[in-house]
Every structure is written in C-alpha cells, then in structure tokens.
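Participant: Given the coordinates of chain A, work out where chains B and C should sit on it, guided by the hints.
Protein chains in written order, with the working numbering: chain A, 1 to 338; chain B, 1 to 133; chain C, 1 to 304.
Calculated from the structure, these hints are not laboratory results. Note that the coordinates shown come from a computational prediction; the quantities given were computed from them, not determined experimentally. One thing to keep in mind: the hints can contain errors.
With a straight-line Cα cutoff of 30 Å, these simulated DSS-like cross-link-like pairs (lysine-lysine) come out [claimed, not checked]:
no., chain 1, residue 1, chain 2, residue 2
1, A, K170, C, K146
2, B, K42, C, K146
3, C, K203, C, K146
4, A, K170, C, K129
5, A, K170, C, K65
6, C, K175, A, K170
7, A, K170, C, K122
8, B, K88, B, K106
9, C, K175, C, K65
10, C, K146, C, K65
11, A, K170, A, K332
12, B, K42, C, K175
13, C, K65, A, K332
14, C, K203, A, K170
15, C, K203, C, K65
16, C, K146, C, K129
17, C, K175, C, K146
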Amino acid sequence: MNYVEWLRVRNFLRIVVIVLAIFVGLGIILRVSVSRYMSPDVWVHQAMMHPGVKVTHATLPDGTQRTIIDDLAQSTHAVIDDHGYAGKHIVITEPSSRAHHEDKQVNVGSIQVFENHSGNMTTTVIDTNGAVPMVYYMLLADIVAIIVATILAAPLAREIDGHLEITLTKPITRLRYALGAIGADVAGIVAASFLTVLAFYLCQLLFESARLDFSGLNSRAIVMGLAFPLAWYAMLCAGTTWLHRSYIWVLVFTLPIAAFVGVLTIIPTNSVVALFVHDVAWVISRVDPLTYVSFAQPNEHGLLTYSDSNFTLRLSMQILFFVAYSALAIFKWQRVEA
Amino acid sequence: MPAVLTVDPRSGVPIYLQIIEQVKRSVALGVLQAGEQLPTVKQLAIDLTVNPNTVARAYRDLEREQVIETSPGRGSFVRADGVTQAPKVAAEIGRDALDVALREAKSVGLTRDELRRLFEAAVERWFPTTEEA
Amino acid sequence: MSIITISNLRKAYGGFPAVDGFSLEIPEGTVFGLLGPNGAGKTTTFKCMLNLARPSGGSILFYGKPLVPETFESIAYVPERSVLYEWMTVNEHVEMTRRAFTSFDPVRARELLAQFNVDPRKRARDLSKGMKTAVMVALAFARNVKIMILDEPTGGLDPVNQRHVLSLMINEAAKGNTVLFSSHQIGQVERAAERIAVMDSGKLILEGLVDDLKGDRKIVEGIFPDIGFTLDGIANDARVARTERTERIVRLLVTGGAEEIAARLSGAGAAGVRVLDLNLEDIFLYAVSPATATADVVAKESST
Numbered sequence: 001m002n003y004v005e006w007l008r009v010r011n012f013l014r015i016v017v018i019v020l021a022i023f024v025g026l027g028i029i030l031r032v033s034v035s036r037y038m039s040p041d042v043w044v045h046q047a048m049m050h051p052g053v054k055v056t057h058a059t060l061p062d063g064t065q066r067t068i069i070d071d072l073a074q075s076t077h078a079v080i081d082d083h084g085y086a087g088k089h090i091v092i093t094e095p096s097s098r099a100h101h102e103d104k105q106v107n108v109g110s111i112q113v114f115e116n117h118s119g120n121m122t123t124t125v126i127d128t129n130g131a132v133p134m135v136y137y138m139l140l141a142d143i144v145a146i147i148v149a150t151i152l153a154a155p156l157a158r159e160i161d162g163h164l165e166i167t168l169t170k171p172i173t174r175l176r177y178a179l180g181a182i183g184a185d186v187a188g189i190v191a192a193s194f195l196t197v198l199a200f201y202l203c204q205l206l207f208e209s210a211r212l213d214f215s216g217l218n219s220r221a222i223v224m225g226l227a228f229p230l231a232w233y234a235m236l237c238a239g240t241t242w243l244h245r246s247y248i249w250v251l252v253f254t255l256p257i258a259a260f261v262g263v264l265t266i267i268p269t270n271s272v273v274a275l276f277v278h279d280v281a282w283v284i285s286r287v288d289p290l291t292y293v294s295f296a297q298p299n300e301h302g303l304l305t306y307s308d309s310n311f312t313l314r315l316s317m318q319i320l321f322f323v324a325y326s327a328l329a330i331f332k333w334q335r336v337e338a
Numbered sequence: 001m002p003a004v005l006t007v008d009p010r011s012g013v014p015i016y017l018q019i020i021e022q023v024k025r026s027v028a029l030g031v032l033q034a035g036e037q038l039p040t041v042k043q044l045a046i047d048l049t050v051n052p053n054t055v056a057r058a059y060r061d062l063e064r065e066q067v068i069e070t071s072p073g074r075g076s077f078v079r080a081d082g083v084t085q086a087p088k089v090a091a092e093i094g095r096d097a098l099d100v101a102l103r104e105a106k107s108v109g110l111t112r113d114e115l116r117r118l119f120e121a122a123v124e125r126w127f128p129t130t131e132e133a
Numbered sequence: 001m002s003i004i005t006i007s008n009l010r011k012a013y014g015g016f017p018a019v020d021g022f023s024l025e026i027p028e029g030t031v032f033g034l035l036g037p038n039g040a041g042k043t044t045t046f047k048c049m050l051n052l053a054r055p056s057g058g059s060i061l062f063y064g065k066p067l068v069p070e071t072f073e074s075i076a077y078v079p080e081r082s083v084l085y086e087w088m089t090v091n092e093h094v095e096m097t098r099r100a101f102t103s104f105d106p107v108r109a110r111e112l113l114a115q116f117n118v119d120p121r122k123r124a125r126d127l128s129k130g131m132k133t134a135v136m137v138a139l140a141f142a143r144n145v146k147i148m149i150l151d152e153p154t155g156g157l158d159p160v161n162q163r164h165v166l167s168l169m170i171n172e173a174a175k176g177n178t179v180l181f182s183s184h185q186i187g188q189v190e191r192a193a194e195r196i197a198v199m200d201s202g203k204l205i206l207e208g209l210v211d212d213l214k215g216d217r218k219i220v221e222g223i224f225p226d227i228g229f230t231l232d233g234i235a236n237d238a239r240v241a242r243t244e245r246t247e248r249i250v251r252l253l254v255t256g257g258a259e260e261i262a263a264r265l266s267g268a269g270a271a272g273v274r275v276l277d278l279n280l281e282d283i284f285l286y287a288v289s290p291a292t293a294t295a296d297v298v299a300k301e302s303s304t
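With the rest of the complex left out, here is chain A (with noise of 0.2 Å):
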C-alpha cells in the first residue's frame, strides 16, 4: 500500500466516519420518536379496547407467551406469540376491506410484514425477529461506496498532475506503485461499505433484536455490494488516468453521463431517430458497471428474489470491469512522462 495513497484515504475515511456518526446520532433520536408508533404492541393495545374483545393468555411449553385476541363484531382474529429477546410472532386475520388489496411483504428493520390475501379474509404475518435486510443495507452502502469510490478515484492522475518527479523516483517499478495506490483505495472503499452497514446496524440493534443471517439473498447482497463500487472505482481510475488533464471532470460527470446514458436504453423507440440514439445508449451502456447492478429482483408474488444464473452473470461482469478497467489505467500509467 502507497503511503501517500493511504493518507489520502484515511482523511477521507475520517470524514465518512463523522457524516456516519451524525446519522446513527440522527437515528437514535428518529427511533426514539417513531418507534412508538412503529411498535406492533400500539396495534395490539388499540385492539384490546374494543369492546366486545374476548383476550385469552397462555404459555407454551418452549416459554413463549401467547395471547389470542378474538373480535368477534369485527370478525378479526389476532394470535400474538411474545419469544422474549427472540421477538414477537403476530398473525392477524381480518375481512380484506380493512386491509389493502396486495399480497405485500414490507420490511422496516428487522420487522417484517406479510400479507396475504385468500377470498375476502386477509391475513398479516409480522415477525419482529426478521434478519437484517441486507439488500437494503448493502443498497445504502454502495451509495456511500459510490461517494467514496468518486472521491478516491483519481490516484495516479493525482501523481500525473505534478508529483511524478517523487513518485517515479523511488525505487520500485510502476506497477508495484500503481498496485498499491489501487490496494489503497480498494481498502477504503471496503472500509467504507462496512462503515456504513456498522452504522445503520448499530441504529437497529439499539432497540430491538437485529438478527444476522448470511444466506441465500443477504449474502448475494453483500457480494454485490462490495463488488459494485469497486468496479465503477476501477472505471473512473481508468477514465481519470486516460484524462489526466481533466481528471476532476471525469469525476465529476461520469455518475451524471451514466445516469442519462442509462435513461436513453429505455426511452421509447417509436421513430428511427429514437431506434438510433437507443441503440448506442444501449451499446455504451454494455461498459458500464452500473447497467450490472442488481441487489434482487421482485418476482410475481412481490418477493425478493436473486436467480443464481442473473447473480453469477453480474457479479462476472463487475469483476471482469474491475480487472479490466485497472488493466487500462496502468497500462496508461507504465507510458506516462513527465
């Protein structure tokens, strides 16, 4: 690792780590204020006033205690199973005119909500102990990695525009200098995905169970995750590189370009002109890390979903672009002059 490249990343890491203290500081007071009403036992209590509402208690033999709320007038039968630590398992049933008209699966932290219709009975599943939505979280740590990624992006323009008298002076070859400048910035882009996910980890487990559960989708998500931001780095490192001279345009416009580009692969083709436009966007979008992106897909049932021939062909291509965009940039590098 370059020391140089380090201290750039570790100034920056210093500034990721307030923003993300502010926000888990912002968090403690939001859930505060909001899990009142978030909590299942508001709804629980409301039900328990109407009258006419026939509430039985029991206690299983594995310690969970149940209660069984029967609204007879209302027709709405609700079983609350209490695990302690382990959270609350509620079933409700209710007529599908007080409900909505989706089957839906909502998670907010580790409480999840399902519901699911059968003629004109719904029924809502909530289960405090869901595990960490990794998808969501890695979602939020790759717009931070991207931020990162940006910022970090530039390390051998930054030594192109006018450090190469030091940096080529040293007695190891380009290669080893370019490797370890990318090293560098690697690790804080890694550094800063876990950052994030810590942070809003520490917001959930503040207040209720955060259960961690590493299979199937989660940890799709977090492959993805990690794997994304470096790849759109190692994009911009070979774009900045090629540029030197404009580098920080190349910083600043690529996300923007990518967007847009983005945007003209799914404009309505109704005219030749359109056609065109389409097919280049479509073209210029194929070198792009973000075309590849993808956390999960919700199937027909609004389920989130993650095939394994869709995860396996995107994760290829991001590290397909991380190796090759790095490849580009160094190549640049080796032919540089200063």
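Facilitator: Then chains B and C, alone, in the frame of chain A:
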C-alpha cells in the same frame, strides 16, 4: 587560519592558484610559522565553501613547490625551510606584481623614461625616505 | 571511473529536439555543474536520465548499466519545481521518504529542516517557494547516497540558505559522493563545481575543469594604429577560439598560451596589448551569448 585565507570565486584567477598564492604570502609574511599545521583539505573546503578537489590541488602544488609537506594521518604542515624561502617567495610575488603593472603601463603607451619617473614617484609614496631613515 | 555516462542523448518533443546529440561523462566523486541558458535542455536531460521521460535516441548508463528501479536507492533527486503534495505536512513527507528508501535518515532530515527554518508541522501549501525547495533539498541530503542530481537546488532561497545548500554539496564532495547539479547562479557553480559543462540548444558547447578553464581561457586585446591591419594568421592559431574586430580593436578569445599570443599580437603591430582574465560567468557568456560577454568583460576591465 581560515580567517587569513580568503578566495574570490568570481575572479578570473582559478581558486587553487589563489589559495597557493595566499599560503605563500602568509608564509612570507610570517603569518604562517614553520611547522604550523594547515587545516585539512576537507576542513578548508568547508570553511571557504569551495570544492575540496580544488583545495587538494592547491595543497599538492604547494607540496611540489616545497612550501608545505603532508604526512598521511598527521596532516599538512608548513616546511621549516618553507619559511626560509620567504624572501624567495616575496621576490616572486613582487616580480609578478611588477610584470602586471608594467604590462598595463606599456599598454597605454608610456615610454621607458616616463615609466621610470612614475616608478620613482610611486616608490617615494609607498616607501617614504623619512620612515626608512 | 564514470559513474554516469550519457551517450548521444536525443529527446524530441513533436518535431522539436530539446536534447540533440548530447554526450557527457560524469566521473565518480566529482561535483559537476551543468550550465546553460533557459531552454537549453538541462531539465530534459535530467528527466531522460531518471526515466521520467523516454529518450528519442542515445543511452544513459549508471555504473555502466541502464537505470532500473533499484538504482534509485543510490540516487537522490531534487527537481526544479516543487513536487510536494500540497495537502500533506512536511512531517508526512519525511515519513513518506522514510518508507520509500532504506538509506534515509529521518533524524538528519529534521536537523536539516531546522537549519532551513522550516516548520515541519506545516502543510506544503502553506510554505513559500523557497521553503518548498528547502524541504526537497533536506529530504535529498538526509539520504546517504552516492549520486545526487540537483536541478536548480537554490531556486527561491535567500542568500543564507543558498550558502547552506552549497555547503551541503561541498560536504557530499568531501565524502567522495558525486553531485550533478544545474544552476543559473554562476557564483555557486564557481565555488562548488570541480567540472562544468555548458549546454545550449540541446547540444554540448563546452566542458572541462573549472580551474583549467579559468586558468587557460583569456582575452588577448590589442589596439592597432589604423583600421587596415592584418593579423598575420594569428587568428588561425588552434588556440584562438574567437576573434572580434571592432574598428581598431581586436579581441581574441584564447584557450591557452595567452602570453605567447599577446607577444605575437605586439609583434604584429598592436599597441596596448593586454591579457584579460575570464571568470566563469565570462566563459559561460562567451560560449552562449558572445555579444553580451564582450560588453561585460570590457565594462569590468574599464572599472578597475
């Protein structure tokens, strides 16, 4: 010792020649006594802020002209008979100075007689007879 | 033994040859001054030497071998302009250098920085140009290396610090190390350099020991009684490098045998023949800009 030697790098005279001339003059005037130690090449170079090899060259020439002698490990010293050469050195310096002066005088076209008159006047100015008596 | 051998170096930018067939040998343990007007190709030569630029032709050898990254352990380089990282402190630069080179002595670096009056806690962007040069010089001289390559190492420094850099160079020479430096300050070159080379328009104009150049090169001047005089072939003497005739005055730049040629000039009928010493500045100016040189030499002699 370093205070006695000064060199002017901007002069057209090479520095090593300046050093040689100044050491000889110091010996002739008795500022440098017989057996007195000179600074090392390195030390003199640092004191005068000049290249050490220039100093080394001066010392080599001084040794060849038998004004100083250098023993490895001990240093450079003014030769005992270097001091007795003082008059010889003085004569050399005097002759060089006169050569320069006369060449200048000749270059402006003074005749031999005019020159002799000027010379007598100058000698009177620099060596007033009242003092000598 | 030559520690640096430059053979027929050529470097062209576009079609323009910044260095055009330049050859030089730097002997070990010398302080070697490279002089030349602005744009002569000195900095380009340094860049080619250090693999900062790719030569268009020719070769450069260190210890008889081409430059490889390991060689940089034995080379300290001070570039002409500041290459410090504006956002880093001086201390961070010291740490960076310590990690890059095994031959670096951080204690000596801090000593030198103190001598140059640099506050090591300051960021490079808060330093004046002279202080930035001082930092680069301190970082270079804190390394125990055999070869120092310095491009204008006194740029922006006040006279006290300039003298300090000079002393550092002389110290290196006393230790037997090789110093190759370029400077516009002829006075410094006269003190510190044992050998010099003069470069102009990418080519080598002049080379030699400073002492010998000053000792041998003189102006022989004579005034003839009338304009229509002949020099009797004196000007064809191999030792006459330049001949200048202005009306009745003739000036010959000779590379040796000044007294003898002066005598011959007298013999050819010139009156007021005199031999003028040349210092390094004169020698340099005669090599690159003869018109300026003559005016200077004459002015100097007239004032004494």
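Participant: Holds or violated: K170(A) and K129(C), Cα atoms, limit 30 Å.
Facilitator: Answer holds: K170(A) to K129(C) is near 23 Å, not above 30 Å.
Participant: Within a Cα-Cα threshold of 30 Å, do K146(C) and K129(C) meet the stated pairing?
Facilitator: Holds, at roughly 27 Å.
Participant: Going straight from one Cα to the other, do K175(C) and K146(C) come out at no more than 30 Å?
Facilitator: holds, 9 Å
Participant: Starting from K42(B), check that the Cα of K146(C) is at most 30 Å away, please.
Facilitator: holds, 18 Å
Participant: If you draw a straight line from the CA of K175(C) to the CA of K65(C), is it 30 Å or shorter?
Facilitator: Between K175(C) and K65(C) the Cα gap is close to 23 Å, so the pair holds against 30 Å.
Participant: Take the C-alpha atoms of K203(C) and K65(C), compute the straight-line distance between them, and say whether it is at most 30 Å.
Facilitator: holds, 23 Å
Participant: Under the criterion that the straight-line Cα-Cα distance not exceed 30 Å, is the pair K146(C), K65(C) satisfied?
Facilitator: holds, 15 Å
Participant: For the pair supplied as a hint, K170(A) and K332(A), is the alpha-carbon distance within the 30 Å limit?
Facilitator: Holds, at roughly 19 Å.
Participant: Sort out whether K175(C) lies within 30 Å of K42(B), counting only the CA atoms.
Facilitator: holds, 9 Å
Participant: Run the distance test for K88(B) versus K106(B): straight-line Cα separation, threshold 30 Å.
Facilitator: holds, 27 Å
Participant: Checking one constraint from the list: CA of K65(C) to CA of K332(A), max 30 Å. Satisfied?
Facilitator: With a Cα-Cα distance of about 26 Å, the restraint between K65(C) and K332(A) holds, given a limit of 30 Å.
Participant: Within 30 Å, alpha carbon to alpha carbon, are K175(C) and K170(A)?
Facilitator: holds, 23 Å
When held up to the earlier numbered hints, the structure conflicts with none and fits them all.
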